[in-house]
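Throw the hints in and build the complete structure from the sequences for me.
Chains as they are written, first to last, in the working numbering: chain A, 1 to 704; chain B, 1001 to 1589.
Honestly, the hints are just simulated from the structure, not real lab data. Where a beta carbon is used, it is the ideal one built from N, C-alpha and C, also for glycine. Wrong hints could be hidden among the right ones.
[As the list claims (entries may be wrong)] Have a look at the derived ranges for each label pair, beta carbon to beta carbon:
1) D1222/B / G150/A: 51 to 61 Å
2) A1082/B / A584/A: 47 to 57 Å
3) P1085/B / N601/A: 28 to 38 Å
[Claimed, not checked] Counterexamples of contact, computed for chain B against chain A with all Cβ distances above 12 Å:
4) I1017
5) S1019
6) Y1037
7) V1119
8) G1229
9) L1239
10) E1429
11) T1502
12) P1514
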Amino acid sequence: MNPPETNPVDTVESPGAGWLVGVDVGGTFTDFYAFQANSGRVLLHKTPSTPDNPAEAIIAGLSGMAQASGGAFDPARIAALAHGTTVATNTLIQRNGARVAMITTENFRDLVEIGRQVRPKLYDLRADNPEPLAPRAMRFEVAERVGPAGEVITPLDPESLDAAVAALAESGAEAVAVCLLFSYLNPAHEQAIKARIATALPDIAISVSSEVQPEFREYERGSTTLLNAYLQPAFGRYMGRLKAAMAELAPGAPLGINQSSGGLMSVDRARSFPIRTAMSGPAAGSVGAIHAARASGAGDVITFDMGGTSADVALIRDHAAALAFDRDVAGFPVRMPMVDINTVGAGGGSIAWIDRDGLVKVGPRSAGAVPGPACYGRGGTEPTVTDANVVLGRLSGHGLLGGAMSLDEDAARAVVGRLADRLGMSIERAAQGMLQIVSANMVRAIRAISVERGHDPRDFALMAFGGAGPLHAEGCARALGIRRILVPMAPGILCAQGLLVADLEENLVRSQRLAVAEGDRLSALVDELMQAAHRWWQSEAIAPERRGLGLSLDMRYAGQNYDLQVALPVAAADDPGPLPDAAALRALFFAAHERAYGFFNPDDEVIVTALRLSARGKLPSPGLPPVPEGASRTPAPRTRRPVHFDGDAAVETPVYDRAALAPGAEIPGPAVIDQFDATTLVFPGWTARVDTALGIVIDREAAA
Amino acid sequence: MTRPESPAPDPITIEVIASALRSVVDEAFIALMKSAYSTNIKERHDHSTAICDPEGRLIAQADRSLPIHLASMTGLMRSLLARHPAHTIAEGDVFVANDPHVAGGTHLPDINYAAPVFVDGRLMCFIVNIAHHADIGGMVPGSMAGGMSEIWQEGLRIPVVRLFRAGVLQDELMDIFLLNARIPEERRGDHFAQIAACRLGVRRLAEIGARHGVELVTRVFDELCRRTGDRMRAAIADLPDGEYAFDDVMDDDGLGTADIPIRLKVTIEGDRAVFDWRGTSPQVRGNINLPVNATQAAVAYALRALLDPEIPNNQGVLDCFEIVTDRGSLVDCVAPAPVAARAHTSQRLIDMIIGALAPALPDQAVGASNGANTTAVFSGTDPRTGKPYLYLETLGGGFGGRSDRDGRDGVQVHITNTSNLPIEAIETEYPLRVLGYGFVPDSGGAGRYRGGCGLVRVIAPVGHECTFNGAGERFANAPWGIFGGGAGRCGRFVLQTGAGDTLLPIKPSAVTVPEGARISVETPGSGGYGEPALRAPEALAADLSSGKFSPDWVEKNYPQGTNQATLAPSRAGRESPATTNQQREDQHQ
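Next comes the structure, spelled out in structure tokens:
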């Protein structure tokens, strides 16, 4: 079963203009979203991924898109290509990165193995954290020590460095991570070690912690650096292949690689810092969601990206994604700015089962692509979320992917029926129950990112995307008290679209403990970061009118150990202007503390622990997509079918084609809206409206 | 109007509401962690959150809650309801307590908070949290060190008191709490974090009550406890009937009593499990005594870990076993027994339960772990600021060998799972320098699957003289192996000065550490699993190449010696055998 290769959204001809292309490489499909600025033409495309060399699918897809568009799209006319990649993530999950060594401060080589000295599961006597990627025999020590003020306590001992370099040569390492205590305050020793290794062992890839992420907390910094080193050789090779292939296909087109923070970086940055791409895919989704939300006039949204095996949720406020700075990737902690995404192990393929206490659970086990849900007719024998949707008539037997794949309703009823029999309830009630449990799991994750950060989810709209998001949005929205659901124009391909609208971005940080009153030192750090930003703008050839800037402080009460990120106003797009004074900084912190924790102590000492600056290079952004031909403000339903919503009985429900909906169309629930790769449900008591960006806005009616 | 008894909620409704309850305790847990001041809570996560029903039953606990806090939560609720019957409790009340003898606590630094949740004027449940404050007053900074013989020396005793009356803070009470703590500003921050966690929980639970109705939510409480109890009893019934006995000893109580015996006889009869601790030593003068509800928490932990790690934590688990003790014994102490270091004893009880049930559960059992809650407390006056400081840490150690894999090196075990503090945080916050942090060589017991190694951390005061207090266990009685496995190495505290090393007592109190001297904290390793002779040659080779074990030690503890182990080729001599150099060269070609 292959989906139709290309789905042209319009057919306006405008030869000779450059194309912007977003390419999102997923586990199964590589998605393309291409946009031609002067014609407004948009092309969507999917091609099977090629995990052994993901560049192949990219090249094949670009050629395929050229063919399918009848030559309107020409790879040689690519003005810029933005790429989201799972290469780093997969390398970590499959543990097939480089043979990697580590160099640490003397007497601290065990730090990265001890970690935080905790077990991953309190009650499970068999659950262990993963072994470090560099085994103990490949962790070497050098005599040196920097203190908590950045002062050198013990100078770097040349003999111990010689010994470490010799051991490194002997070890057969392909890459090495260097992480010394307090290097974020004084990188001199790390730099000296890097220079020495680069000279002595030029074939070994080197990652040093003061460059990868110069921040407080030696274990997290060391772990991040070790992961980066582990990824460098393979990722570097991939970047090389991609660059070469693109140079042939689209000479001169700049290539941007998506980072976990949502911004793009150049191929050369990506080679040095592959760990920055670890959360690249979901980050692109959230950038796409920001763009779609902006087009639909919403500033604060919670994103809900549900696919086959899992769902990602993230919070967007004032058109910006919340960032997290610590998370686990493949069992290892990573510290760097990443779009704050919670992942829940529940998707369309998740399996419902009865636990030993008789309670029903859904997921995290999934039927995956093979055998898949029972309704796929490929041998699945357990009830999945997709089967429950089929039983309820929410998904039609006519199928997915524009009818390319039909669904076996009898098989779905059989597996859900067995669950219903064991529970002593009707088959529809069991199916509804499965979906309620999925919603409850989602709601926990959404609460984790909103309530815990001091936000009330009721103030947000829920943006549903991914193949299954628009099917399940209503249950989540209702449980959270959310009254507006947004479904973007292309929910199945939003990540690729997000890549297209992302800016180039470099996140800079100085981690240092300072009093808010130390204005001179803070300003000096801002100057330092601005110099680095200017160097980056120049190296990436970003003209002044395309520059952008974000400045924030990590602040906390003296004695607290969790920081709050406090955004500061900036004077101009490439000039932060003078810093607010101490009183103003305190006031900003108090407001953030009040919002996050519900209180603040006006008399306590406030300190700054880090200064963050994100330098941006704006890229051209696609405008509104054209309205499909034949779309109408008063569309007629394509068909009708009985659908079970919340009640005991099915409701005869009109089914619309998404492509038939023009801006201004208004569809009261109950209704089903089908499109190529997603199905949107409009529940009774809700009304859908199509906006000028072709997004669907579904509002809960006042009385409902 | 009378209404028929509503039918029991179906399994889907129960799961949906239970999920909402879990969400609340997890949110409260994070809110407390994020807004607390002390590193103890923020970094080490020495805190827990839970929901209890109006009868004091435990309904849900945050995933990351500590097992030992289970005891304090139910203990607090029993004392609270005994002192304050439900009809006297008002909306907006907040209760506080910590005392192990009159308020159900397990030691004084754990301060318990409980706030009632009302829906339509009806008491639906309580949101409860516990946080370990870094100091609660008493004789010694940190309120945890040995050398105390009465509870009054250990700090401020708080019976169940109302800190908020119908929403109004009783400032005088807070003033007492703060006046009795060594670093009041920090403690105030921690109290307010606990209050904030209560408020969040009350608000969220009230929403759940309003959405589903108190009636249904209450029915769900009943169902959760009943179903969990049934599930645990079914697991007990799968054990072979019989009596399983195990004896062990505590090293000492810090006040001269050494080798303190603990006796256990477990009787399994159908789905009934009785844990009989009679014959255990009477309570001791030192602070390692356990209130009986801490003994109950240790049994609950061990059963859950051995039989069903995924079972929900609620009253159902606590109600499905019986405990028999001598009142006034080490495992059921009475006032004025000191209890600050009770976690050591909890750890020992768990090792013993696992040891006792090993014949019935050979696949689940593990060698004795480090069996301690090795505590190190450094205090003094920061020469940079002139302010007093206090740095408390509990260190992990070896985790015992298992039936199919080695034990884990340097982790917290069993009843505790607190993080360490980053070295860069210690040195930034306190006038201390960490000189080394790593595994203790030769500390994991030999075995087919070896025990995990202990940790060593060396700390020196910078520019001043500081005070060290500590508490160790398994510093004299080594953690034993099972099914033929060898014992792990004991821990120790050493004062290192220019004049040489001084071995400190197992529970050292108020040791002066002059400038230039340092303290080395070595935690115990753990016992191995199975005959050492059966250890795989590759595993033995890895023990040597990693440097975690010396050739001499391997020769002494494994009958096959280093011969087999060194067969694996290793050009560098410090190579993991998993990928040999030869293989690697092949790959490169």
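Status of each hint after checking the structure:
1. A hinted range of 51 to 61 Å holds for the C-beta pair D1222/B and G150/A, which are about 60 Å apart.
2. A1082/B and A584/A have their C-beta atoms about 52 Å apart, which keeps the hinted 47 to 57 Å range intact.
3. Roughly 36 Å separates the CB atoms of P1085/B and N601/A, a value that falls within the hinted 28 to 38 Å.
4. With 12 Å as the threshold on Cβ separation, the claim that I1017/B sits away from chain A is violated: the shortest Cβ distance comes to roughly 9 Å.
5. A cut-off of 12 Å between C-beta atoms contradicts the statement that S1019/B is not in contact with chain A; the least separation is 4 Å.
6. At the 12 Å boundary, the C-beta of Y1037/B falls inside the reach of chain A, the nearest C-beta of that chain being 5 Å off.
7. Every CB of chain A is more than 12 Å from the CB of V1119/B (nearest about 17 Å), matching its label as outside the interface.
8. The non-interface label for G1229/B is inconsistent with chain A: the shortest C-beta to C-beta separation is roughly 9 Å, within 12 Å.
9. Listed as outside the interface, L1239/B is consistent with that label: its C-beta sits roughly 16 Å from the nearest C-beta of chain A, beyond the 12 Å cut-off.
10. Not every C-beta of chain A lies more than 12 Å from that of E1429/B, the closest at about 8 Å, which undercuts listing it as non-interface.
11. Distance check on T1502/B: its Cβ is at least 21 Å (rounded) from any Cβ of chain A, clearing the 12 Å threshold; non-interface status holds.
12. Residue-level check passed: P1514/B sits 19 Å from the nearest beta carbon of chain A, beyond 12 Å.
Taken one by one, the earlier hints fail for this structure at numbers 4, 5, 6, 8 and 10, listed in ascending order.
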